[in-house]
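Colleague: Below, each chain spelled out in residue letters.
2 protein chains.
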Amino acid sequence: MRDGLIQNLNEIFQAKARLGIMTVLTSMGDSDFLTIKKHLDLTDGNLSAHLRVLEEAGYIQIEKKFVKRKPKTTCRLTPEGREAFLHYLKQLERIIQLARKEEE
Amino acid sequence: MRDGLIQNLNEIFQAKARLGIMTVLTSMGDSDFLTIKKHLDLTDGNLSAHLRVLEEAGYIQIEKKFVKRKPKTTCRLTPEGREAFLHYLKQLERIIQLARKEEE
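Those protein sequence lines, which keep their order, are chains A and B.
Position one of the first sequence corresponds to residue 1 (my numbering), numbered consecutively onward.
Position one of the second sequence corresponds to residue 105 (my numbering), numbered consecutively onward.
Do not take every clue at face value.
Said to hold, decoys possible - Simulated pairs of lysine-lysine, DSBU-like, Cα-Cα distance not exceeding 35 Å:
1. B/Lys168 with B/Lys194
2. A/Lys65 with B/Lys205
3. B/Lys194 with B/Lys142
4. B/Lys194 with A/Lys101
5. B/Lys205 with A/Lys90
6. A/Lys38 with A/Lys72
7. A/Lys65 with B/Lys176
8. A/Lys37 with B/Lys174
9. B/Lys194 with A/Lys38
10. A/Lys90 with B/Lys174
11. B/Lys142 with B/Lys176
Claimed, not checked - Here's a subset of chain A near chain B, in silico, CB distances under 10 Å, partners left out:
12. Leu5
13. Ile12
14. Ala15
15. Leu40
16. Leu42
17. Thr43
18. Leu89
19. Leu92
20. Glu93
21. Ile95
The hints are simulated quantities; they were obtained by calculation from the structure and are not laboratory data.
Remember, predicted model here, so these are calculated numbers, not experimental data.
Heads up, the beta-carbon is just placed ideally off N, CA and C, and yes, glycines get one too.
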């Protein structure tokens, strides 16, 4: 495939849950745990695990604090995360264009 | 996420190797094993395994025959495979649009 287009897709974003988390954070901005969970229909454990992968990659920051004595977890994209995800979306677009070439 | 957009993505196409195979077959038409392998930089065993998954899903047909005494394996999309993949590409486009909403 042209210059490794598909081979170079970032594996971190290939998992549907992480694609979902990044889509929520890119489109809606900083979001708390419950909001992301509601949008993606994931279990707590599953969402936590995927958030950790994104945090370890340096793509998101996770802040835990108490609001009215209840714990609240807020997630935000880092500049690196935003850049990496926008690059990923561009690659997906090129793959879609390539796949549709025949139809043009 | 809006009507399960990401949850409903077809897992079969989420693997990069299978996304690659479908992209080659959609853009270039029927292709032989060596052509697909060259484009995607996969090992024989790996490519065979992914082709088998796509065949078992009913998305491609695999034909093996001898040409000048050498075995030749040709892969082609089934109508179901083409339809499922074009649907997948449309879903990806909607996700890209959604993620970029903030930027508009």
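Colleague: Now tell me if each hint is right for this structure.
Modeller: Against the structure, the hints:
The suggested pairing of lysine 168 of chain B with lysine 194 of chain B holds, with an alpha-carbon distance near 32 Å, which does not exceed 35 Å. Distance restraint check for lysine 65 of chain A and lysine 205 of chain B: the Cα-Cα separation of roughly 29 Å lies within the 35 Å cut-off, and the hinted pair is therefore satisfied. For the given pair, lysine 194 of chain B sits about 27 Å from lysine 142 of chain B by alpha-carbon distance, which is consistent with the 35 Å threshold. At roughly 15 Å between alpha-carbon atoms, lysine 194 of chain B and lysine 101 of chain A fall within 35 Å of each other, so this suggested pair holds.
The suggested pairing of lysine 205 of chain B with lysine 90 of chain A holds, with an alpha-carbon distance near 14 Å, which does not exceed 35 Å. For the hint linking lysine 38 of chain A to lysine 72 of chain A, the alpha-carbon distance of about 15 Å falls within 35 Å, and the restraint holds. Taking the CA atoms of lysine 65 of chain A and lysine 176 of chain B, the gap is about 62 Å. The hint is violated against a cut of 35 Å. With a CA separation close to 54 Å, the supplied pair lysine 37 of chain A and lysine 174 of chain B exceeds the 35 Å bound.
Taking the CA atoms of lysine 194 of chain B and lysine 38 of chain A, the gap is near 24 Å; set against the 35 Å cutoff, the hint holds. In summary, the hint linking lysine 90 of chain A to lysine 174 of chain B is not supported, as the alpha carbons are separated by about 41 Å, beyond the 35 Å threshold. About 15 Å separates the Cα atoms of lysine 142 of chain B and lysine 176 of chain B, which keeps this hinted pair within 35 Å; it holds. The interface hint given for leucine 5 of chain A holds, since its Cβ lies 8 Å from the closest Cβ of chain B, which is under the 10 Å cut-off.
Here the hint on isoleucine 12 of chain A is broken, as its CB sits about 12 Å from the closest CB of chain B, past 10 Å. Annotation: alanine 15 of chain A was flagged as interfacial toward chain B, and the flag holds, the nearest CB pair being 8 Å apart, inside 10 Å. Satisfaction of the interface hint for leucine 40 of chain A is found here, the shortest Cβ-Cβ separation to chain B being roughly 6 Å, below the 10 Å cut-off. Hint status for leucine 42 of chain A: holds, given a least beta-carbon distance of 9 Å to chain B, under 10 Å.
Using the Cβ-Cβ criterion of 10 Å, the hint placing threonine 43 of chain A at the interface with chain B is not satisfied: the shortest such distance is roughly 13 Å. Because the smallest distance between the Cβ of leucine 89 of chain A and any Cβ of chain B comes to about 5 Å, under 10 Å, the interface hint for this residue holds. For leucine 92 of chain A, the interface hint holds, the least distance from its beta-carbon to any beta-carbon of chain B being 6 Å, beneath 10 Å. Against a cut-off of 10 Å between C-beta atoms, the interface hint on glutamate 93 of chain A holds, since the closest Cβ of chain B lies about 6 Å away.
Given hint, isoleucine 95 of chain A at the interface with chain B, holds; its Cβ is 6 Å from that chain's nearest Cβ, closer than 10 Å.
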